[in-house]
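First to last, the sequence lines map onto chains V and P.
When the letters of the first sequence are read in order and numbered with my numbering, they come out as residues 1 to 269.
When the letters of the second sequence are read in order and numbered with my numbering, they come out as residues 1 to 301.
The set of hints was computed from the structure by calculation and includes no laboratory data.
Every value quoted in this text rests on a predicted model; they were computed, and no experiment measured them.
Even for Gly, the Cβ is constructed at its ideal location relative to N, Cα and C.
You may find that some hints are simply not true.
Unchecked claim - Only part of the chain P face toward chain V is listed, based on derived beta-carbon distances under 10 Å:
1) Val4
2) Glu7
3) Glu11
4) Ile22
5) Asn40
6) Arg41
7) Thr54
8) Met59
9) Ala62
10) Gly63
11) Phe64
12) Gly173
13) Ala223
Stated by the list, open to error - Straight-line alpha carbon distances no greater than 27 Å define the calculated DSSO-like cross-link-like pairs of lysine-lysine that follow:
14) Lys134(V) <-> Lys15(P)
15) Lys182(P) <-> Lys91(P)
16) Lys14(P) <-> Lys134(V)
17) Lys206(P) <-> Lys143(P)
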Amino acid sequence: MNYNIIKSKHLVRKAILTAAYKAVETHVGSALSCAEIMEALYFKVAKIDKDNSQSDSRERIILSKGHGALAQYACLMLKGIISKEVFDTYDLDGGLLPAHLDHNAINGIEASTGMSLGHGIGLAEGFALANRLKNIKARIFVIIGDGELQEGSIWEALNSIEALNLNEITIILDKNGMQASAETKEIVDISNLNNVFKQMGFSVEIVNGHDVDAIAKTLNWTSDKPRFIIANTIKGHGLPKPFVNSVKSHYVKLTAEQYQDALKAMEGK
Amino acid sequence: MRVVFAETLVELAKKDERICFITPDMGYSIIDNFQNTFPNRFFNLGIAEQNVITVAAGMALAGFKPYVYSVIPFIVHRCLEQIRVNIAYPKTDVKIVGIGSGFEYGSAGTTHYGIEDISIIRSLPNMDLYAPGDMYEMAEITKLTAQNNHPTYIRIGRHNHPNMNTDKTIKLGKASIINKGKDVAFIATGNMVHVAKDYADKLKQKGLYPTVISMHTIKPFDAECILELTKRHNLFFTFEEHTIVGGLGSAVAEVLAENGKDIKLKRIGINDEFPHLVGNSPFIRHHYKLDLEGVIELCGI
């Protein structure tokens, strides 16, 4: 499908909303938080499509915050990497797509994520080292949550990215300021971390995480350092008010009215 | 044993370019040869075991055959979720080598003992689990497992006991017979194989000829061997330097019970408790009756 249609008709967000509405209860707020990041990656940045999705030379997108799975499934479906029929089974009994990313479920998912979090960057390093041994030049993008930064394994991985000089890896922080039970700052205040990432050897940039063009522009810069992109986002972006920027959207069942309201809001009605 | 593993791996890596070695800063001096021979395929990621497992899984998903290596509780217990989700579930071809099985790190203390790893790894679907009992088994298991692409855990000791296994065609998943006898069966694994053999040899003076089995593969488990033993043996002992909860003894008990075999079984291992002694391995083993003197007392034959 032509990307201009996808963009103008908000098809990524619509697919997320519709699948979430049909599901029993799901992490829709987390998916909507990273929807534009995933849209930018799949449609404007990463070299990945239906034909090369299993090729060694593909650029890889790892959604480490695997509870945002729906955003990745929506992009894979709109890219034609998975079918609409498969997408429509999201989170349904007997379906193919679980609420958290499952490597064994379908093609296009690089690894299972969204358990206790913090695995994605290490996996990316493994892919990067493998690519180097095969003389393949391909970027690898990892999307992590800001709550996820509390996982110790994230820091193990960040240390070694720098040590191994894996500048083909770009980390995108989906910084929505929320986690499962509270605002992130109430648990661990990360507002001063930007300098830490810089001092760890990353090239750090800040971007509006709901502006696809801005994200794409930032991601398509080249750098001789591994990159750490801080994408400011809103959890539950585009949902009815009680769910926007609220922990309430972490795990939610939308009513018919809420679903319709969200669709209308998206159309600007 | 560690040197045999490391040297065997160097030979394998000469023929198989997919073999890599990833360490969380372990293997100093033991693995130098690999590092010097294949500097591009050697990665010391620092003291970060969980990341070592995820990096290895990423490399395996991209077609490589990584070996990871560390002390058992560091690389198994600490990394269980990473092993479960990134190795066992997606069946990535990662070989985890855990060193210091049982009480091998005697004076290092309880923190270093590898005494629950069999039960932990055994419970994960898709994982193969090996515990070689001598240098020959160590070399053979390293070579044979390199030929498959299964998620694998190999628990090894630090000892240098002389070879006991004379089986020229070791097969993964098939137990090896060390002594062929009758009436009494000793089923041992890892560090305990030599104790079982020494005990069996001693019993000859009493006119008893126990069969001694090295259960070097714990998963997939050789149930057929256990059932075959029931034909000529009615008293079974299992020997493991490991908790008796969920290890080799449990695996044997499951086979006997589910097949309705009327066999007397005693599991020799570590009871369900944390050791907290200070001392070297022989001292700790002696306390837990896992040396020759101890097993003679526990078995009472």
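Hints the structure fails to honour: Violated hints: 1, 2, 3, 12, 13, 15, 17; rest satisfied.
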